[in-house]
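Undergrad: Read off the chains here:
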Amino acid sequence: MFAIIKLIQSLFGALHSEGTPGQLAAGIVLGSFLGLTPLLNLHNAVIFAALVLLNISFAGGMLGWAVFIPFGFLLDPLFDWIGHSLLLAPGLRGLWTSLYNMPIMPLTNFNNTVVLGSVVFALLFAVPLFFAARYGVVRYRATLGERVRQSRWYRAVMASKVYNVYKMFRP
Amino acid sequence: MSSPAPRLKVFRWRAVGPLLVLLVIAVILWILFADTIARHESQQVGTQVLGAKVEIQDMHVDLPHGKVTLRGLTIASPHEALRNLLQADELAADIDVVPLTEKKLIINRIAATGLRFGTPRATDGRVAAKSGEGIAGRVMAETREWASQFQIPVLQLATGKLSIDSLDPRRLSAIPAAQALGARADSSRKAWQAGFDSLNLGPTLDSAKAALDRLQHASATDLATLNDARQAIDRLKRARDRVTALDRGVTQGVAGLKSGLAELDSARQRDYAFARSLLKLPSFDAPQIGAALFAPGAIKPFERVLYYAQLARRYMPPGLLPRAATGPKRARRAGEDIRFPKERDLPAFLLRSAELSFLLHPNSAQPQRYGGQLSGLTSDPALYGRPTQLSASGPQLAAGAMLNHVREIPVDTAGATVGGITLPPFTVPGLPLRLDPGAATTTLGFTLNGDTIHARFAVRSTNVQWARDSGLTRTTIGELIWRTVSGIKDLDLEARISGELHHPDLAVRSNLDQAIATRLRAVLGEQVAAAEKQVRARVDSLVNDKVGPVRARVNEVQTQAQAQVAQQRAKVDELQKQLEQRLRQVLGGVRLP
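Protein chains in written order, with this note's numbering: chain A, 1 to 171; chain B, 1 to 593.
Bear in mind the hints are in silico, worked out from the structure with no lab data behind them.
Possibly wrong hints are sitting among the right ones.
One side only, chain A facing chain B, incomplete, derived with CB under 7 Å [what the hints assert, rightly or not]:
{"id": "1", "residue": "VAL52"}
{"id": "2", "residue": "ASP76"}
{"id": "3", "residue": "GLY94"}
{"id": "4", "residue": "TRP96"}
{"id": "5", "residue": "THR97"}
{"id": "6", "residue": "PRO103"}
Think of the CB as a built atom: it goes at the ideal place given N, C-alpha and C, for glycine as much as any other residue.
Okay, chain A solo, but in the shape it has when bound (with noise of 0.2 Å):
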């Protein structure tokens, strides 16, 4: 319950806050790769640290994660075969041997057939969702935007403390 309150208040939050559409986009593209691909993995941290470092919506990471989980779920079978095929393609074969065999690479799972597949699934998605998104966030907020912000609820769950958390990486 405390999470959905807390995506809600994200969402919103995001939504109406000073940052730029492109900003907001661009934090659920990044987000998106945490919910697509297993989270567990080297290249979530970096994912992670540049959502925390990069000044954009931090708010719109954690929804594109929520949002993007149960795709992940769905789409497993998908990215094992891209991953299956990539990883043993015979023209491809001199690459992954020598990033095998090259320190740090082989802790991010590459070799993985279900991680490569959503890597590269999440790399290739990224650009059209980062302009749907764009495109959503401002449709958004020249139209629905100023009823909901005036909206009673909308100052309610705004008000709650743990908005303040969030403020704090606001972009």
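Chain B: place on chain A using the hints.
TA: For chain B alone, kept in the frame of chain A given last:
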């Protein structure tokens, strides 16, 4: 004047602090829980690899010094529910730290103390045998299937009766063979008839007769008639060639039908054998008796050794091609981890050397201490370049194994002789007898060269104990068997497997075979002969109705075809002969141009 647009900040510097705090927390958590995580991961990986539960009581990882210590290691048996494969008091390992950054585990040395084998356990530790998942599960299923392929003769003597199961005509091979042969005979008959019709000899014979008639009244100067006669002879020769070609086809067809008839006889013999197997008649051949008595138990050691050999081949494959293994267990799909070994680089796993110290008879008053060595255990034998070797020795033990996966065709060998091992008592299949081998000397030899297996398992004991259940005493045969074996105190059992792995031959012999076979022959010989006769009569009654008419039809078709060919050939030959003879008479020995 418009104010300048605010400069867009790329970094959120104030988040560096919290991120560093998070990093420090992660490091503290690692320090606190590294041992637990490593223990958990080791248990998980070990269980996945071996197909049996691996439990570790305590594990300490000292990365700065490259030392790992395990205490209370228990590996369950993949095959037996309540038995451990081994337990170890302590394993101390020296590892190379730098290769860990490449996710490679290089263990320079392990010292294992307090190893114990075959100890009992409270819970079922089998994993692969129950789940059938992963590489171990697949190997387990394959070896089980492999072990089940051996046709072990059944010995039914407990009741002394020869039971006759129902014989289903649909399972007899002679009947479908007869139907197929009948169809072949019919199609041959049609084909040959079409061949005769296409010969179209009537006009040729008629014109030849007419030419012969004209030649009877012709003189040497009647060139047109002579020419006609010669053309008629040519036509007859061509007709004869056609008849010869047809004859060749008929001869081949007849040979095919004859082999079909021979196949019918073979099918009938197979049906006799099948029907005999339904009766579950005891065999009186000593090798068959040996197989019936001991094969079910003797196959198990081979199956287990093969399981480990095949596991080794999956995890230690020859060559440097990419190789896949099941990925880590997680909420998401595990996928597959693909390894990419590289020439002149380190393998993903290497245990350079291990010193083993273990106990035999750990529960006895004076447990015996033994020592062993293991070297070159690696995931990439082609990179390490040397085979994996294991040796162990002691007062009553000599064991060695070598897994040579360095070259393209892997060769796995193992051999062990263990004395003074108390084997568990077992029920002799088909007989309500229990045999307690007592303290025996067990020998196992195993070679798997590519896909060719040669293995030998032998048990020798000089103090066997026999026990019988109450059912045995109620039958005459049981009493006789009991009298035969109960006085035997020695057991000398040997099982051999050899041949292609997918279909090897199994031979089992023991010193009991001849004694039991002689007894059986004396008691059951007449009953078995009568039952066999009955079986043959039953098969004949089912088969004869179908086979008899087909055999007659085949004979009729081939006789008819051969007669037709002979008749046609005789007509052609006769006319040709008459024409040539008359031509010679008319010409008086003069050859026309």
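Undergrad: All the hints need checking, so say for each whether the structure fits it.
TA: Comparing the hints with the structure gives:
1. VAL52: holds (5 Å)
2. ASP76: holds (4 Å)
3. GLY94: violated (9 Å)
4. TRP96: Check passed: Cβ of A:TRP96 comes within 5 Å of chain B, closer than 7 Å.
5. THR97: holds (4 Å)
6. PRO103: Holds: closest Cβ of chain B sits about 4 Å from A:PRO103, inside 7 Å.
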